[in-house]
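Note that the protein sequences, when read in sequence, are chains A and B.
At position 266 of the first sequence (counting the first as 1) the number is 265 in numbering that gives the first Met the number 0, and the numbers step up by one without a gap.
At position 170 of the second sequence (counting the first as 1) the number is 169 in numbering that gives the first Met the number 0, and the numbers step up by one without a gap.
Do not take every clue at face value.
Which chain A residues stay away from chain B? Per the calculated CB distances, all over 12 Å, these [to be verified]:
no.	residue
1	ASP22
2	MET99
3	THR137
4	VAL158
5	GLU184
6	PRO196
7	SER229
8	GLU354
9	ASN355
10	THR362
11	CYS375
Some chain A residues close to chain B (C-beta under 8 Å, calculated; not the full set) [unchecked claim]:
no.	residue
12	ASP18
13	GLY19
14	ALA51
15	GLY53
16	GLY57
17	GLN58
18	GLU59
19	GLY70
20	PRO200
21	ARG202
22	ASP251
23	THR254
Hints are computed from structural coordinates only; laboratory data are not their basis.
Just so it is clear, CB atoms sit at the ideal spot from N, CA and C, and this is done for glycine as well.
Number of protein chains: 2
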Amino acid sequence: MRDVAIVGRGTTTYGVHDDGIKDLATKAVARALDSSGLERSAVEALSLGNFAAGMLEGQELLAALVADAVGLEDIPVMKTEGACASSGIAFHQARQQIAMGVHDVVVVVGVEKMTGVPTAEFTQALAAAADGTTEGQTGLTFPGFYGLFTSRYLHEYSVDREDISKVAVKNRRNAAENPRARFREPITIDDVMESEPIADPLRLYDCCPAADGATAVVLTASDMAPSVTSDPIEVLATAHTSGRSGAYRYDDLTTFEATRTAASRVYSEADVTPADIDVVELHDCFSSAEVGDSEDLRFFPKGEGAAAAAAGDTAVDGEIPINPSGGLLSKGHPVGATGLGQIYEICRQLNGDHENQVADAQTGLTHNLGGSGAVCTVSVLGRK
Amino acid sequence: MRDVAIVGRGTTTYGVHDDGIKDLATKAVARALDSSGLERSAVEALSLGNFAAGMLEGQELLAALVADAVGLEDIPVMKTEGACASSGIAFHQARQQIAMGVHDVVVVVGVEKMTGVPTAEFTQALAAAADGTTEGQTGLTFPGFYGLFTSRYLHEYSVDREDISKVAVKNRRNAAENPRARFREPITIDDVMESEPIADPLRLYDCCPAADGATAVVLTASDMAPSVTSDPIEVLATAHTSGRSGAYRYDDLTTFEATRTAASRVYSEADVTPADIDVVELHDCFSSAEVGDSEDLRFFPKGEGAAAAAAGDTAVDGEIPINPSGGLLSKGHPVGATGLGQIYEICRQLNGDHENQVADAQTGLTHNLGGSGAVCTVSVLGRK
Numbered sequence: 000m001r002d003v004a005i006v007g008r009g010t011t012t013y014g015v016h017d018d019g020i021k022d023l024a025t026k027a028v029a030r031a032l033d034s035s036g037l038e039r040s041a042v043e044a045l046s047l048g049n050f051a052a053g054m055l056e057g058q059e060l061l062a063a064l065v066a067d068a069v070g071l072e073d074i075p076v077m078k079t080e081g082a083c084a085s086s087g088i089a090f091h092q093a094r095q096q097i098a099m100g101v102h103d104v105v106v107v108v109g110v111e112k113m114t115g116v117p118t119a120e121f122t123q124a125l126a127a128a129a130d131g132t133t134e135g136q137t138g139l140t141f142p143g144f145y146g147l148f149t150s151r152y153l154h155e156y157s158v159d160r161e162d163i164s165k166v167a168v169k170n171r172r173n174a175a176e177n178p179r180a181r182f183r184e185p186i187t188i189d190d191v192m193e194s195e196p197i198a199d200p201l202r203l204y205d206c207c208p209a210a211d212g213a214t215a216v217v218l219t220a221s222d223m224a225p226s227v228t229s230d231p232i233e234v235l236a237t238a239h240t241s242g243r244s245g246a247y248r249y250d251d252l253t254t255f256e257a258t259r260t261a262a263s264r265v266y267s268e269a270d271v272t273p274a275d276i277d278v279v280e281l282h283d284c285f286s287s288a289e290v291g292d293s294e295d296l297r298f299f300p301k302g303e304g305a306a307a308a309a310a311g312d313t314a315v316d317g318e319i320p321i322n323p324s325g326g327l328l329s330k331g332h333p334v335g336a337t338g339l340g341q342i343y344e345i346c347r348q349l350n351g352d353h354e355n356q357v358a359d360a361q362t363g364l365t366h367n368l369g370g371s372g373a374v375c376t377v378s379v380l381g382r383k
Numbered sequence: 000m001r002d003v004a005i006v007g008r009g010t011t012t013y014g015v016h017d018d019g020i021k022d023l024a025t026k027a028v029a030r031a032l033d034s035s036g037l038e039r040s041a042v043e044a045l046s047l048g049n050f051a052a053g054m055l056e057g058q059e060l061l062a063a064l065v066a067d068a069v070g071l072e073d074i075p076v077m078k079t080e081g082a083c084a085s086s087g088i089a090f091h092q093a094r095q096q097i098a099m100g101v102h103d104v105v106v107v108v109g110v111e112k113m114t115g116v117p118t119a120e121f122t123q124a125l126a127a128a129a130d131g132t133t134e135g136q137t138g139l140t141f142p143g144f145y146g147l148f149t150s151r152y153l154h155e156y157s158v159d160r161e162d163i164s165k166v167a168v169k170n171r172r173n174a175a176e177n178p179r180a181r182f183r184e185p186i187t188i189d190d191v192m193e194s195e196p197i198a199d200p201l202r203l204y205d206c207c208p209a210a211d212g213a214t215a216v217v218l219t220a221s222d223m224a225p226s227v228t229s230d231p232i233e234v235l236a237t238a239h240t241s242g243r244s245g246a247y248r249y250d251d252l253t254t255f256e257a258t259r260t261a262a263s264r265v266y267s268e269a270d271v272t273p274a275d276i277d278v279v280e281l282h283d284c285f286s287s288a289e290v291g292d293s294e295d296l297r298f299f300p301k302g303e304g305a306a307a308a309a310a311g312d313t314a315v316d317g318e319i320p321i322n323p324s325g326g327l328l329s330k331g332h333p334v335g336a337t338g339l340g341q342i343y344e345i346c347r348q349l350n351g352d353h354e355n356q357v358a359d360a361q362t363g364l365t366h367n368l369g370g371s372g373a374v375c376t377v378s379v380l381g382r383k
């Protein structure tokens, strides 16, 4: 198996864009290719992570349209979909293709266009990531699912409710430094606790905002990377797992086995422990999700994630900085783009050129979760 | 690179089903696994080809839902999408994963649920396979695109218009023998020529019908296959290519370069010529598409495919039998299932147990085309 490196990256900001979905993805791919300096003809495959382009934009076949628009010819192209983990999947697959020698250069892009859609249509589209034959029938939304998750978490563990929401305050503080983030104005814990109730006990600022956005990276074999760029990022490990398809399938609603399994696999493959990770971008679709994820990834014992966040352990200058980009909570969550957005942010951290830089970051981790913990990808990246 | 074999297969009929899309896919996967005799725990990955579940059924994340429903745990699952080539892509990717040693056993399923949807919604969903920023704006539908294709073909080559439609008559005759086909009543050339005009010069019976359906296969390394089944089918070659994203991007609208490139690659990889192929299932979404495809795949010189079909060369007892299943034209075209449906039919042919058997079929070819020739997969399968 060959080592794999990231040798190019490009992104749009995450927020409200006039561009349509094809143009967003095309821009990210063009920027990633330009940053690598590679010719179009060097690219041997393109994978595109996307969730809702069909439902929200009436556009499928996006991988082929983007390839044609950007000038990539006669190569395998596909869209990968796994709800919120759609581009994490594309990244894992592309890394495998290079590692196993199928291809030498692969471009991966994630994209979503979510703003400007009527609320009912938007809610209906997001509901497509729940099982319409089971929980979907009950009207359970994702805020509702994470409301249940949060209630159960508070029931199981001795946790200060406000400590959970301090995650949202921390991530907004981080986003102030990140020009790619959708919401950058600082908020206080009172702002969160006094914001509109969404799904008890979650408030508005406990929930990530939608966004338009696209992010792309260029992957190649590590032994080819130095001829392409002076600052490649090594892909030390990736994992892609599946889990339960709804709340009713969980014995313990406060733990996502898909995350725990993926984490075990990457720690083993990269031969690291959680203590070796310097910076993390994880799937904080809700403030409580960041708390649970930080425990499932084994940065904290079960039930201790919220207090650790409140104590500053996950701040940019903390013991284990989590979501220095602002995370989904402040950067925004363009569903199909998010997994690669996390990869992009960690690359910037490991190259030492992030706007909200973690000091001396050598090893980073990304965590992308789809549905009710139904699909998960985790990656470990390292500085060369 | 390891040789790869198909060791299990399962399908629903193609037609009108009461089952929802998750249940259709789950049944096909369960049948494929049961036919292989493999335990659920042996499966290392699941890929699901689908085009329109989000738009037509409001359901995404299908790969995870099907895996959970069928009892597959903690494995990588993903949906692949490339319009009408969605499950051809899934098959190509899965074959690569086994060939390169990433996995030993992979299940691939293709599925679509299309009936019972209001016509406007249905037409809008299919339009998602065209570029909404270019030709989609003109209102060009896929029958319209193939109407242009057919008109240009008739302009370029000296062809009897009725010879093109004789493909539809031949495929309906084949479907009479196939219990999986949606439409099995014989039709005459007069029936076709007198049927409702759809997109000049195409008539109703020149166009494939929609259908609900799902098909799955189980892949493993060839050296493991004999321990699983007594009648494995060898995957001799697969290719996955991209082409132009709309009619305006073609210099020659009567030739799909994506098909020509994919065909060249599989003939080379399998070390065969078109003359070595005994049976073909190709993407006859329209009668004229079968004619063009049969030329792009190099079974006939350009401009001679229609006359050859009319002369019986592509009949089940002809020189190169094409679509003995009835093809998309009669079996139906459940978009995301079609690529694997073709694989299923060829497996039955090579095992010698097809209801419309081609005598002594040793080597078969499948051809799956998405969008305006924007994505193509071609496979060559062989009897062990």
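The hints, checked one at a time:
no. : hint   : in the structure
1   : ASP22  : violated, 7 Å
2   : MET99  : violated, 4 Å
3   : THR137 : holds, 15 Å
4   : VAL158 : holds, 28 Å
5   : GLU184 : holds, 33 Å
6   : PRO196 : holds, 26 Å
7   : SER229 : holds, 30 Å
8   : GLU354 : holds, 32 Å
9   : ASN355 : holds, 32 Å
10  : THR362 : holds, 23 Å
11  : CYS375 : violated, 10 Å
12  : ASP18  : violated, 10 Å
13  : GLY19  : holds, 6 Å
14  : ALA51  : holds, 7 Å
15  : GLY53  : holds, 4 Å
16  : GLY57  : holds, 5 Å
17  : GLN58  : holds, 5 Å
18  : GLU59  : holds, 4 Å
19  : GLY70  : violated, 12 Å
20  : PRO200 : violated, 26 Å
21  : ARG202 : violated, 27 Å
22  : ASP251 : violated, 16 Å
23  : THR254 : violated, 14 Å
When held up to the earlier numbered hints, the structure conflicts with 1, 2, 11, 12, 19, 20, 21, 22 and 23 and fits the remainder.
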